[in-house]
Amino acid sequence: MSEIRERGLAIQTVSLTKIYGSGNTEVVAMRDVSMEIQQGEVVALLGPSGSGKSTFLTAVGLINRPTSGQVHIGGELVLDGQTAKTDLRAFRRRHIGFVFQKSNLIPFLSAVENVQIAMELNGQPKGAARRRAMELLDYLGVADRAKNRPSMLSGGQQQRVAVARALANQPSVILADEPTAALDGFRGRQVMELFAKVAHQQSAGVVVVTHDHRSLDVFDRTYEMEDGRIRSSTAGAVQDNSLSPR
Amino acid sequence: MNLAWKDIRYNWGRFALTCVGVGMLLMIVIGMGGIYRGIEADATLLIDTVEADMWVVQHQTRGPFAEVSQVPSNVLYRTRAVPGVAGSREFVFHTIQRSYQDRPIRIALMGLSWPEDYGAWIQLTAGRHLQQAHLEMIADESLQLPLGAKIRLGKDTYHVVGVTRNQLSSNGDGIAFVTTRDALAIRFDVSGEAVRLEREARTARGGDAELTDLQPNLLENASLPTSQIPTIAPPQLSAVMVTLQPQADVEEVKKIIQGWSDVSVYSSQDQRDLLLKGSVEKIRKQIGLFRALLTLIAGIIMALILYTLTLDKIHSIALLKLIGAPNGVILRMILQQAVLLGVIGFMIAVALGRRIYPMFPRRVVITQHDLLQLAVILAVISVLSSFLGIWKAMRVQPNEALS
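Chains Y and X supply the protein sequences, listed in that same order. Sequential numbering of the first sequence, starting at 14, is according to this note's numbering. Sequential numbering of the second sequence, starting at 250, is according to this note's numbering.
No lab work stands behind these hints, which were simulated from the structure alone. Source: prediction; values computed, not measured. Among these hints, one or two may not hold up.
Claimed, not checked - For lysine-lysine, the following DSS-like pairs were computed, each having C-alpha atoms within a straight-line distance of at most 30 angstroms: (1) X/Lys641 to Y/Lys98; (2) Y/Lys115 to X/Lys255; (3) X/Lys504 to Y/Lys115; (4) Y/Lys210 to Y/Lys160; (5) Y/Lys160 to Y/Lys139; (6) X/Lys641 to Y/Lys139; (7) X/Lys255 to Y/Lys139; (8) X/Lys504 to X/Lys534; (9) Y/Lys210 to Y/Lys115; (10) Y/Lys160 to X/Lys255; (11) Y/Lys139 to Y/Lys115; (12) X/Lys255 to X/Lys641.
Please model the entire structure based on the sequences and the hints provided.
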C-alpha cells in the first residue's frame, strides 16, 4: 500500500455535492463527498440503490457536473463546481475508461471496432489501433469473436469487449458501474481481477461500483455510501462473506 | 473508421429502401423538368427543323403557332420576287381528330409545298419521302400509323409511306405530313349534301344580283370549289416560309416584306421566341413552380428521414460522446449519410427515369444541364436537410448512454 501512496493521486474529490431540482422538489443525490484514490489503487464503492454511487461515478467521469465541489484527476483540477477547467470530452477521451452495467457497445461496430474506435478517436493510427484492439480482445479471451457485432455476443462477451475498450487508451482512471452484473460468478471475478491487474500494471486508479460482495478481496479499499454520503471506508483487501448473497 | 458507412452496412436494408424512396421522389422532380423540356422541344422542333429563314404571316398576328393566321396564296409568289429570297413554301397546319382502327387519333396535319418540298428535311425511321402530289403521308410514330397503313381522311384514303420520330405539335400531337393541297382538302372537306346546298345558295345569291344579269357566266363560278372562286374565297394558307440566299441581308428582306400592309414577317428565332413566350410560357411557369414545390418537399422529407436516422442512433451518439468523440466525428457521420443518401437517391432517380419516362405519352427530355443543376440543388438540400439531425445529435448528452 505504501508503494501505491508514493505514486500520487489518480482521483481526488473535494466536498462533491449534487442537488437535483430546487425548493420542494430538491433532491440531494450526493453530499460533501471527499475521496482520494491513489494511482494503482482499486476501490470498490458499495451502497444501496439511490445512495449516490452512480452520481459520484458520473461526476468523477466528467459526465455530470456537480452542484459544488471539486474533481481533480492526476493532480489536475478539471471540475470546480459547475465550471469545467479543461475540455472535458477530450480529457475523458485521454484519461478515463468507462465500463457500465450494460455493456454499452456501439451496435453497428464489430467487437474489435468497438475497441478500435476509442483509440482512433484518441488519434492513434488505424493500423496500430487495430493491432492493439486485437491484443486486448485476445487478452480478455474474446479474440475469436472480434468480427462479430454486439448482438452476436453473449452478455459476458459484450462486457469483456467493453472492458477492452475501457483499457484501450491506457487511461489513468477507470470507472466501472456494476460491471459484473451481467456475468456469472466466475466471469465476474475474472473481470474484477483484471481491473486489479490493470490498475497495478498501469498505475491507474480504478473505481468499481458493485453489489457483488464475493470479489471484495480484490480491492485495495472499499467505500460504502448511504444517503449521498460516504458512510465508511475500509483499507486493505476485504473478504466480507457476511454481506455475500450466498 | 468511417462510422457513417458502418452504420449503413448495419442497417443496409432500411437504408436501401430509404434510398429507393428518395430516388423515386427525385425521379418525379427530374421528370417535371423533363416534361417542361419536352414541351419546349416539341413546340420548337418544327420551327427548328423545317429550314425556313423567315415566316410571313397574317398582318398583325403572331403567326400560326400563336393564333389563327391566314395569308393569301399570292404571298407565295410575291415573296419569291423579293431580292435575296431563294425560295418560298406554303405552310398549312391544323389539328384534326379522327379514328383509326376504332381508336381516336389526334393528328397535327402539316402541308408540304409540293413539288418543291416533298419532306426531304424530315428524318425518317422507316419508308420514304413523298413521291406523289396526293394521297401519301409521312406520319410520326406516336400516331401509331405503321408503314403501309391506310387511313381515311375526308373523302380520300391516305397511304403512310414514311415514318418519322419526335415530330410533334406544341400540344404534343403527332404530326402527319401531306401535300398542301391534300392538307387543305382534308381541312375544308364537307359532305356532298353541304356542297350541294352551298352551290344552291350561291346560285340563288348570284341570281339576286344585277351583275349576273349583265354577266351570266358569273353564275357558273358558283359551282366551283370554294378555293377556286376568284375574290370570294378567303385566304387558305396559314403562313409562307421563306428561304434566303446565303449572302442575303436578312434585315433588308424583312424590311421589304414588312412594307406590305397585308402581312407581318418574323425570323425563325422570332417565331421561336413568340412560341416560348406565348402558349408555352404559362405551362413552363406552372411546371417550374410545381418542380420548385417538389424540390422543397423532397428536402423536407429528406430532413425528416435523416432526423429519424439520427434518433435511431441517439444511444450510440451519446456513447461516442461519452468515450470522448469530438462533435466533428458525429457531425461527419450524419453529413456523410445525408450526402450518400442524396447521391444514391439521385442515381436511382436517373436510372429509373430513363426506363420509365419513355413510357409517358409525351416526351420527357432530360438534359445534362438539368441533371447537373439538380445535382447541385440536391447537394445543397442534402446538407441543409441534415441540419435537423445534426442539431438533435449535438443536443445529446453523454449521460444518455447510461439510461
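Against the structure, the hints come out as follows:
1. X/Lys641 to Y/Lys98: 26 angstroms, holds
2. Y/Lys115 to X/Lys255: 22 angstroms, holds
3. X/Lys504 to Y/Lys115: Roughly 90 angstroms separates the two Cα atoms, so the pair is violated.
4. Y/Lys210 to Y/Lys160: Distance ~26 angstroms between Y/Lys210 and Y/Lys160 Cα, so the pair holds.
5. Y/Lys160 to Y/Lys139: 16 angstroms, holds
6. X/Lys641 to Y/Lys139: 29 angstroms, holds
7. X/Lys255 to Y/Lys139: Between X/Lys255 and Y/Lys139 the Cα gap is close to 15 angstroms, so the pair holds against 30 angstroms.
8. X/Lys504 to X/Lys534: 34 angstroms, violated
9. Y/Lys210 to Y/Lys115: 22 angstroms, holds
10. Y/Lys160 to X/Lys255: The hint holds at about 13 angstroms.
11. Y/Lys139 to Y/Lys115: Holds, at roughly 27 angstroms.
12. X/Lys255 to X/Lys641: 20 angstroms, holds
Taken one by one, the earlier hints fail for this structure at numbers 3, 8, listed in ascending order.
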